[in-house]
Amino acid sequence: MTDIATLTKPRVETTLKDWETDQEVRWCPGCGDYAILKAVQRTLPMVGADPANTVFVSGIGCSSRFPYYVESYGFHTIHGRAPAVATGVKLANPDLDVWIITGDGDGLSIGGNHTMHVLRRNLDCQILLFNNEIYGLTKGQYSPTSRAGTRSPSTPLGSIDYPARPAAFALGSGAHFIARAYDVSKQLPEVLTAAYNHKGAAFVEIFQNCIVYNKDVFADFTEKKNADEGQLWVEHGKPMLFAKGTRGIALDREALALKVVDVVDGDWQAADVIVHDVANRSVAHMLVEMPFGPFPMALGVIYDDPAASFEEAVVAQNEQAARGRTPDLQKLVSQGQTWTVKADAVKGPAL
Amino acid sequence: MASVASTTTAPLATHETAPEAVVVRFAGDSGDGMQLTGGQFTLSTALAGNDLATFPDFPAEIRAPQGTLFGVSAFQINFGSSDITTAGDAPDILIAMNPAALKTNVNDLKAGGLIIADTGEFGERNLVKAKYESNPLEDGSLARWQVLAFDISALTLESVKPFGLGNKEALRCKNMWTLGLALWLFDRERQPIIDWLKGKFAKAPEIAEANIAALNAGHAYGETAELAVPVKQLHMAPAPVAEGLYRTVTGAEAISLGLVAGAQLAELPMFFGGYPITPASAILHHLSRLKEYGVTTFQAEDEIAAIASAIGASYAGSLGVTSSSGPGIALKGEAMGLAIMTELPLVIVNSQRGGPSTGLPTKTEQSDLYQAVYGRNGDAPMPVIAARSPTDAFDCAIEACRLAIQYMTPVLLLTDGYIANAAEPWRVPDMAGYAKFPASFLTDVPEGGLKPYARNEKLARPWIKPGTPGLMHRIGGIEKEVGTGHINYAPANHQAMTELRRDKILGISHELHQDVALGETHGKLAVVGWGSTFGPIHQAVRRARRKGLDVAHIHIRHIWPLPANLGDLLENYEQILIPEMNTGQLKTVLRDQYLVNAQSLNKISGQPFRIAEIEAAIEGMLA
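Here the protein sequences come in this chain order: G and L.
So the first sequence is numbered by my numbering: it starts at 1 and just counts up by one.
So the second sequence is numbered by my numbering: it starts at 1001 and just counts up by one.
Take these hints with a grain of salt, some might be off.
As the list claims (entries may be wrong) - As a list, the in silico EDC-like pairs of lysine to aspartate or glutamate whose alpha-carbon atoms are at most 20 Å apart:
| no. | chain 1 | residue 1 | chain 2 | residue 2 |
| --- | --- | --- | --- | --- |
| 1 | L | Lys1436 | L | Asp1395 |
| 2 | L | Lys1465 | G | Asp50 |
| 3 | G | Lys244 | G | Asp220 |
| 4 | G | Lys238 | G | Asp277 |
| 5 | L | Lys1436 | G | Glu20 |
| 6 | L | Lys1451 | G | Glu24 |
| 7 | G | Lys331 | L | Asp1395 |
| 8 | L | Lys1465 | G | Glu71 |
| 9 | L | Lys1451 | G | Glu20 |
| 10 | G | Lys238 | G | Glu312 |
| 11 | L | Lys1291 | G | Glu319 |
| 12 | G | Lys331 | L | Glu1267 |
| 13 | L | Lys1198 | L | Glu1169 |
| 14 | G | Lys331 | L | Glu1209 |
| 15 | L | Lys1291 | G | Glu312 |
| 16 | G | Lys199 | G | Asp305 |
| 17 | L | Lys1161 | L | Glu1209 |
| 18 | L | Lys1465 | G | Asp95 |
| 19 | G | Lys342 | L | Glu1243 |
| 20 | L | Lys1451 | G | Glu71 |
| 21 | G | Lys342 | L | Asp1083 |
| 22 | L | Lys1291 | G | Asp328 |
| 23 | G | Lys331 | L | Glu1243 |
| 24 | L | Lys1451 | G | Asp22 |
| 25 | G | Lys342 | L | Asp1430 |
| 26 | G | Lys331 | L | Glu1292 |
| 27 | G | Lys259 | G | Asp305 |
Treat the hints as calculated values from the structure; they're not laboratory data.
Please put together the full structure from these sequences, using the hints given.
Printed below as a string of structure tokens:
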């Protein structure tokens, strides 16, 4: 989806190097966060972003150290509250490019409420949720996205609760842009570009490999040998094909659910494979709910259907309310029913 | 709770001429419109040039079951021809709209005081609900007082008959009928109320007309002397006040106006993040209507988001403001720490209510002083200012904005439910008399390179707005390196930063001077107060001084840091008495800071102090 706002924004020419800070990156060697950082630093020059006009806001957790490593404005806030801080930043200055960096614990556990509301309000920002299905910074407790049975220091016998599904949560909260990728996927900059170009809250779930506490938890679809069978990269206007085009996603019209179909000789039309329409909310719901295993993991831009953004509406309403009114402090404090006390009426002891 | 009743105002019945001050309490069901009636009576009183103070006292339930004791809503006003600083002790007149209202309020009434009751509501059912075994209007149990009982309900129905309202709607006009009677009693103008009704019910003129008819009927009822007991019409002479333009103002209004003025004086747009909570919501409501002053209001999803968004807005170059009440302030604690660590300006208003937990949402208390001064993790100092009255709240709000901006710090502004809801006449200030304090932002890389945590003479760091070319930097809640603001966990650095944060806030005390509100700067006893106890303390000290007692009143606005001269000032008195609506929180702070033997007078009943209670304590200490 092309966006008018990005066309009018002045493009600033930068290189990847311009987005690197002098700070030493302190993630564990081999952490998926490195790849995401590079992808972001590659994306920013591509979209013509201005470092002076860019703000990265994060919460708490491994992922939330991110702002320290990007040469722009950055605010490392408190656990779970990045969307709320970002809302204030964007309302105070709607011209800023605001990126929110969060994780599965930060954004869906302690900060779930704020994630829901920033999406519902449709604040113009990019939300990158690094999902590693574990608490890394606090040393390996299970997280709200951990699969049932996850053994961790706090769940030695295995976790019991059903996991949250970030993309489904975001869509249910009213998001107008949902995308998915994984840390080392080469398509990540492309996905981030689409998120950047979407006016409104753009939610990107990035599967991230925590090599210390939850190693290879996504290997079933991220490993090279599993990629063909395990990954479904959706693209607007293109049929939903995977396994080198030998299989696709079709609608089971009886069950009103998706199904995997075989595609013979590339004739996907004969197999009734769905053509991806990023503006189709119903299909988006089915894609983010698709259980991995029987189905591949849906990746790419799953849903992109822009609506008026929150800060635009706030600014418009503020302007309308102020139209024709001149601020006058003296008038303001003198409002309401008033009366005048004259000098000759002033008698008796003063206070 | 002390129980000594005030006796300075003689019982009404003995008055030939008008008394100096009269206390009237309107009490009824929470659905009877008592707050509305009281509010309009306040307005008419102010318009008549009387000084006044009010005390709204309403239940936490919006519409408690009708006729019950816990559903009683009351509104008290003290007005008269001398300066009034409290809502009064015992009422002279009680207007009781039903048995429950009578039962819960009558024992506060002065001996000889007047009860006006609606017999139409004193049926069997309501008497049972109020737990009366017999009708108090008939069984002689009210002999200590004068009783004026008549069927206000029936009289109201009769007066609004021409408008064809249903029974329920017609009875809603009872409060206006009663107000009409009260206006007659005190010789007040009806026109402002009539104008107000026309405006309020502009979309339903028949409702407006019915209410006006009820108002006029109540007034006429008083005039045509159908009353069973002779009631003299009371003329209250205007109070002597300074020349100028006046209006009535509540604390919530005054704070809102003060915040807007503060932002304007700083030449900044204001961002207000709020979440509904009693009694702080009124500030959010007021500010939402002032967009032309560069105010953006944001009703956040919770208290934490309210402060976090305000911090984000301050970071982006607005003046961030948030407000709440005790429980909400508790939730904001961690974010306050972030504002302290990132050294961003922020104003946090706490309209205190009874606590802990949900406590007494609609009652007043000043028990959040510890929370304000100490209630955050880590060594997390921030300035705390307390308003003493609705009008004082205006200046306090401006002061909070100034300190926040000049010292790059969050500032806590304390008020309470009493100040927030109470109304008093306010001499409209001349805004030209307020000095501007324009905020300045760093716009270029200074000589020697960018240091986001460099310090000026106030130890404040520069304010740098995102969007400024060449000044990109990162801030956050992790300990900062001195000067650069980079992450730094080194032991010596943390020590240095903690001391810097402390010294920056303590430095404010050098620009603060503590005055004596009444009396001498030395003597036998200083009564030291803060916040909304100003009125009763002031009156009590005045009365004691009239009796020749050596006592002074000191009222502290700056709770933290304390004014530089306060320690020396307190040394000048033999004894110190601190009346507080808590168990002695300011007392703890003053004892800790100055090693003085301060004594507490505590009241934690959800009600303001009575003058007599403080007076008795003063006399006790000087006996």
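Each hint tested on the structure:
Distance check on the hinted pair: Lys1436(L) and Asp1395(L) sit about 13 Å apart at the alpha-carbon level, within 20 Å; holds. Our distance criterion of 20 Å between C-alpha atoms is met by Lys1465(L) and Asp50(G), whose separation comes to about 15 Å. Of the supplied pair hints, the one linking Lys244(G) and Asp220(G) holds, its CA atoms being roughly 17 Å apart against a limit of 20 Å. A hinted pair counts as satisfied when its Cα atoms are at most 20 Å apart, and Lys238(G) with Asp277(G) qualifies at roughly 8 Å.
Between Lys1436(L) and Glu20(G), the direct Cα distance comes to roughly 41 Å. Violation of the 20 Å bound is thereby established for this hinted pair. Between Lys1451(L) and Glu24(G), the direct Cα distance comes to roughly 18 Å. Compliance with the 20 Å bound is thereby established for this hinted pair. Pair hint Lys331(G) plus Asp1395(L) holds up; C-alpha atoms about 17 Å apart against a cutoff of 20 Å. With a CA separation close to 15 Å, the supplied pair Lys1465(L) and Glu71(G) stays within the 20 Å bound.
The suggested pairing of Lys1451(L) with Glu20(G) holds, with an alpha-carbon distance near 18 Å, which does not exceed 20 Å. Taking the CA atoms of Lys238(G) and Glu312(G), the gap is about 32 Å. The hint is violated against a cut of 20 Å. Restraint check: the Cα-Cα separation between Lys1291(L) and Glu319(G) comes to about 8 Å, which is no more than 20 Å; the hinted pair holds. This hinted pair checks out: Lys331(G) and Glu1267(L) have alpha carbons roughly 18 Å apart, not beyond 20 Å.
For the suggested pair Lys1198(L) and Glu1169(L), the alpha carbons sit about 17 Å apart, so the restraint of at most 20 Å is met. For the given pair, Lys331(G) sits about 31 Å from Glu1209(L) by alpha-carbon distance, which is inconsistent with the 20 Å threshold. With a CA separation close to 15 Å, the supplied pair Lys1291(L) and Glu312(G) stays within the 20 Å bound. For the hint linking Lys199(G) to Asp305(G), the alpha-carbon distance of about 10 Å falls within 20 Å, and the restraint holds.
Taken as a hint, the Lys1161(L) and Glu1209(L) pair is honoured in the structure, with Cα atoms around 11 Å apart against an allowance of 20 Å. Between Lys1465(L) and Asp95(G) the alpha-carbon distance is near 12 Å, which keeps this suggested pair within the 20 Å criterion. Taking the CA atoms of Lys342(G) and Glu1243(L), the gap is near 5 Å; set against the 20 Å cutoff, the hint holds. Distance restraint check for Lys1451(L) and Glu71(G): the Cα-Cα separation of roughly 15 Å lies within the 20 Å cut-off, and the hinted pair is therefore satisfied.
At most 20 Å may separate the alpha-carbon atoms for a hinted pair to count; Lys342(G) and Asp1083(L) meet this at roughly 17 Å. Proposed proximity of Lys1291(L) and Asp328(G) is supported: the alpha carbons are some 12 Å apart, at most 20 Å. Taken as a hint, the Lys331(G) and Glu1243(L) pair is honoured in the structure, with Cα atoms around 18 Å apart against an allowance of 20 Å. Between Lys1451(L) and Asp22(G), the direct Cα distance comes to roughly 14 Å. Compliance with the 20 Å bound is thereby established for this hinted pair.
Using a Cα cut-off of 20 Å, the hinted pair Lys342(G) and Asp1430(L) holds, with the two alpha carbons roughly 16 Å apart. Between Lys331(G) and Glu1292(L) the alpha-carbon distance is near 12 Å, which keeps this suggested pair within the 20 Å criterion. This hinted pair does not check out: Lys259(G) and Asp305(G) have alpha carbons roughly 24 Å apart, beyond 20 Å.
Figure legend: structure checked against the earlier numbered hints; hints not met, in rising order: 5, 10, 14 and 27.
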